[in-house]
Amino acid sequence: MNRANFVLPEIELMSSGHLGCQGCGGALAMRYVLKALGEKTVIVLPACCWTIIAGPFPYSTLKVPVLHTAFETAAVAASGVRAALDIQGDTETTVVAWAGDGGTVDIGLQSLSGAAERNENILYICYDNEAYMNTGIQRSGATPRFAWTTTTPEKNPKAERKKDIVAIMAAHRIPYTATATIAYPDDLIRKVQKAKSLQGMKFLHILAPCPPGWRIASEDAIKIARLAVQARVFPLYEIEDGERYTLNAPHEREIIPAEEYFKLQGRFAHLGPQEREQMQQEIERNWARLQRLVQMKAPSDDGA
Amino acid sequence: MGRAITFRSVAEMPPLAISLDDISHNKTGSWRYLRPVYRNKIPPCRAGCPAGNDIPRWLALVAEGRLTEAWKTIRENNPFPGITGRVCAHPCEAYCNRKEFDEPIAIAALERHVADEAFALHDEPPSGERRREKIAIVGSGPAGLSCAYFLAKQNYPVTIYEAESQPGGMLRLGIPSYRLPRDVIDKEIDDIVRLGVEIKTGYRVGRDIDLERLWASYDALFIATGAYRSRPLGIPGEELPGVLAGLDVLKAINTGRKISLGERVLVIGGGNTAMDAARTALRLGARVTVIYRRTRAEMPAIPEEIAQAEAEGVEFLFLAAPQKIERVHGRLRVHLIRMQLGEPDKSGRRRPVPLPNSEFVLEADALLKAIGEDPDLDFLAEELETSEGIVIHNERGRLSRAGIFLGGDARTGPSTVVEAIADGKAASKAIQRYLRSPSRTASALLPERFAPEKIKLNTSYFAHQARVPVLELPPEERQHGFAEVKAPLWLEDAIVEAQRCFSCGVCNACDNCRVFCPDVAISRVNGLYHVNLEYCKGCGICAAECPRGCIDLIEEGR
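Protein chains in written order, with the numbering used here: chain A, 1 to 304; chain B, 305 to 862.
Isolated chain A (complex conformation) (with noise of 0.2 Å):
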């Protein structure tokens, strides 16, 4: 891999600009997401940090069409902006829900879970920072165990388990499920693009990592996703039919413990020997858990 450098499409949707913050992971994952689906796209938009990223009236950062809505309807408006291009002829644009955790796993879930049901031609994609970040980093439904937050502080952090939004998509039994995040960018990109191949109900899960609310420096942005992978905190990973998992990354010889990826940031550094070892034997369940699922073979066509 030492010469085997990214080549992404060249084509760049989303302007110099933007509002994000320094070393922003979810305004990367956009640039990247847009670079692999091309200008025939429609961005739906719940409250999120995206909202303020896009710029404020009458401005937009992106060169696609994007469409304001309320924290809890992306999912439900992209069917709706689906249906309404389907009336009209238009099956080539891809309509695409783009929600925060917190508009994912807390207050949009009912939404996108409907949809899931009705098998949606959409693209849902969750970028998770793991916590409301632009209104102040509030814990979330998709903030990790032991985490600090301002609303779970260093003496009380946040006591349950990060919601495994992958796993409730893939019981959902849609066409494709997957993770992703930005220190791989030609993984993320040819997922969106499979999924965009793909007819019916999409859910991409992209980790982006923000550096105000980890507490790191905007610098190791990239290399804290990196790590996230390696740690198996963040393992990359696709779903077909909800049942067909196939592992991309970490490989067995590139996995490093977990204390790697929490050192790095402020937000777990209150975590105590014993809570540290917990997170540790925590990961350890959920990959022996991906293993067996990526080692179950699919029911065969003809016993379905």
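Do not rely on the hints blindly, as some may be mistaken.
[As the list claims (entries may be wrong)] Here are some of the chain A residues that sit facing chain B, going by a computed Cβ distance under 7 Å: (1) N5; (2) E12; (3) Y59; (4) P185.
Treat the hints as calculated values from the structure; they're not laboratory data. Idealized CB from N, CA, C, for every residue including glycine.
The hints should help you fit chain B onto chain A, whose structure is shown.
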């Protein structure tokens, strides 16, 4: 595009809240307090090379199969890639950052590959008018030839005076052909002659031509006569028949003379001359033992040469030194004594001291002395003092008389080929400075060494991959002749090996900075990157994710 929009009344507003422009009027560069600056750095391999070989630059060309350009790039700093690719001690590899990751790049083998592939290529003589100032060089070893090469490239007329019948100095006389085939020497000297350098062989200064006459006829002189005077052992019996200087044996064999050393040969010394003499004696059919007064760890010879000698069957006797030689019934009887290591000496190595009552005797047909050589500068005697054979001179290389410069082994004592090349290059620059100064003030000969720079690599982007093995002739086949020991690389292997280079501190347009910019503020034009400071927020991701440490973050306002 990129304008700020003001609505002066509700009537000017669109009926729906719809965007009217992109957001590029918002110059986010004002947020920045750290600015990314692209700055290539001196990689450790280059800093480690006395000749300042620009290694990552030509390795990048090899990686793309552009071998002719690689050859030209090497020759900007080193006129002899075919020679150094074979016999250089390659300090560059010891500095290679890849050694911390897996194994260093096989730089020497790649350099040889480039030279072998360029065997039919030659430099174009320099364009432009020849300069008037003439330069004479005494000695056609690597230092003299290197100086001639760099001066000829600058259009100076150069004449080299060589005492022997063929040019090359130690390259030809001291280094056996199993390490350095003669056609490689001939080719790379021919390249220099093609630049217009005249080489007069058979002129020994002080015998065939007078130094004063040279000084009167030329505008500058470079003395690079090497170090050929073998040091005596300083023990009784040294003058006996069968006791020879290792270097004399090498000179004889390397110039095609037949010589017989007998069945049993002892070599005294632990340097490269000792290794060459021992391996040459082995090839003449002798059983050979190298006797060194310290241990293997202190041997000054290139470790690779020691390993090859051992593989070929040269025996080693460490911690022993000769005390007396006798000749009995036509054979040598060598009286030796065991040594032990005492306190460190000037060189930092532990001084060997004799172990009392440990005398022993070995018999041999020949004993080769190889404990070092000194420069022979008798023809300069009035001008110079020497200390332990090393010349004392002014300001590193400039002799007391203006316009005469001293370099190579003659200046430093016995050293490596690449040090001689570096000295010759430095001399060429000192001579040019001298000739161009209006008052002809002499300036010092200062070998340039690039200072290594701190380079922060991001090795996440490199995959582990073993170094390409350099194959060698099986030891049993080596014993019967002087065929080259080391095999060349295949082109495919050379390309893969060159691709292993991290290119430390040298941008190779990998695109990571552009790929990872969250603000779309980096563009690439003709392989060079440009940061749009109107928008760059100074997050620093480009610097952190640059695999080779080519981007620095500097504080704004500084």
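Give me the numbers of the hints this structure contradicts, sorted from smallest to largest.
none
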